[in-house]
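Visitor: Full structure from sequences and hints, please.
So the protein lines, in turn, are chains A and B. Using my numbering, read the first sequence as starting at 1 and increasing by one per residue. Using my numbering, read the second sequence as starting at 1 and increasing by one per residue.
Don't take each hint at face value.
[Stated by the list, open to error] Where chain A lies over chain B, by a calculated footprint (3+ residues, C-beta under 8 Å):
#1 153-165
#2 181-190
[As the list claims (entries may be wrong)] For each label pair, taking beta carbons as the anchor points, the in silico distance ranges come out as:
#3 B:D139 - A:R48: 49 to 57 Å
#4 A:W49 - B:A171: 49 to 57 Å
#5 A:I71 - B:N98: 54 to 62 Å
#6 B:R182 - A:R12: 13 to 21 Å
#7 B:A102 - A:A53: 49 to 57 Å
#8 A:A56 - B:A18: 21 to 29 Å
#9 B:N98 - A:L70: 56 to 64 Å
#10 A:A39 - B:L123: 47 to 55 Å
#11 B:Q74 - A:A53: 39 to 47 Å
#12 B:K101 - A:T50: 32 to 40 Å
#13 B:N98 - A:W49: 43 to 51 Å
#14 B:A102 - A:A65: 49 to 57 Å
#15 A:A53 - B:K101: 34 to 42 Å
#16 B:K101 - A:A60: 42 to 50 Å
Derived by calculation from the structure, the hints in this document are not laboratory data. Using N, Cα and C, we set each Cβ at its ideal position, and we do this for glycine too.
What follows is each chain in one-letter form.
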Amino acid sequence: MRSNDRLRALWRSVDGPAPTRGVDFDGLAARISLDTSLALRARRSWGRWTRVAVTAGVAAGIAAALAIALIPTPPKATLLGAVSGDEASVQAFEVAAVGPRDGEWVIAAAVSTDQ
Amino acid sequence: MEPARVRTEVAPSAALVAEESALVERVQDGDSAAFDVLVRRYIRRAFTVAFRLLSHREDAEDLVQETFMILLRQIDTFELGRPFGPWMYRVLINRGLNARKARALRRTETLPDDVMGAERTDLAVERAEVRARFRSALDALPPRQRIVIELIELDGCTRGEVADALAISEATVRWHVHDAWRTLRRILAPLVSR
Numbered sequence: 001m002r003s004n005d006r007l008r009a010l011w012r013s014v015d016g017p018a019p020t021r022g023v024d025f026d027g028l029a030a031r032i033s034l035d036t037s038l039a040l041r042a043r044r045s046w047g048r049w050t051r052v053a054v055t056a057g058v059a060a061g062i063a064a065a066l067a068i069a070l071i072p073t074p075p076k077a078t079l080l081g082a083v084s085g086d087e088a089s090v091q092a093f094e095v096a097a098v099g100p101r102d103g104e105w106v107i108a109a110a111v112s113t114d115q
Numbered sequence: 001m002e003p004a005r006v007r008t009e010v011a012p013s014a015a016l017v018a019e020e021s022a023l024v025e026r027v028q029d030g031d032s033a034a035f036d037v038l039v040r041r042y043i044r045r046a047f048t049v050a051f052r053l054l055s056h057r058e059d060a061e062d063l064v065q066e067t068f069m070i071l072l073r074q075i076d077t078f079e080l081g082r083p084f085g086p087w088m089y090r091v092l093i094n095r096g097l098n099a100r101k102a103r104a105l106r107r108t109e110t111l112p113d114d115v116m117g118a119e120r121t122d123l124a125v126e127r128a129e130v131r132a133r134f135r136s137a138l139d140a141l142p143p144r145q146r147i148v149i150e151l152i153e154l155d156g157c158t159r160g161e162v163a164d165a166l167a168i169s170e171a172t173v174r175w176h177v178h179d180a181w182r183t184l185r186r187i188l189a190p191l192v193s194r
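Guide: Right under this line is the structure:
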């Protein structure tokens, strides 16, 4: 007899398969089943709330984008506008000069937004 | 002692794979009864491997329960069209090996009936001693190798079944068995020669 066989016989004479006798597999399966039901219920609930949150988020985003689009933006300050008396901030003018040239009054100005 | 046979599919049939994929799909849709079918199909085999990993009945039961809950949490990642068993064993074994590392195991001697009974004969004491020598020798093996040799020699699994369970090739199983026996022979030589 090979030494493996002798050892194997000796081993099997003192030890055996995993002790499944006495293990309540039905009870264990029932515990797992209960946990499964709870986990799947939580998952369904979580899924529902996630969908609600995502829908609400998208709706809020669209509303915000619309609101921003509808806010009237002030017209850009232009040289012509400034000469015509429109409002233009001081910072809008980087260079401005008024004076006679060839017998005519010329207003020269560079507006930062349209220079 | 004739080891009990632990049945696992060597090469899962297409029908089995299709059936399990359908069950998993139902679980993904929230059907707990479908998961229950899978649990009851694998629970005994899972326990056997868990017991081999942890050497403790209650710990093995906890590991099985924990494993199925992990599988449930990850059910959306299951690749439909593949067998459920190897996926389950992979999670079970990785989890079990981590548990072994993470905590000092409560090692219990699963004494056979003749030792647990009132009579402690000399023979029973000698058997317990031999068993302890074997377990000490098994501790010298790498964890996966130990599982392989125990599933084959004590639980009666075939090499194909173990390969399937551990998601390794049969050639690797054969190598593990060969290497494990070489180590066991070296350590336990005095037992055989006496």
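Visitor: Could you work out which of the previously given hints the structure breaks and list their numbers from low to high?
Guide: 7, 8, 11, 13
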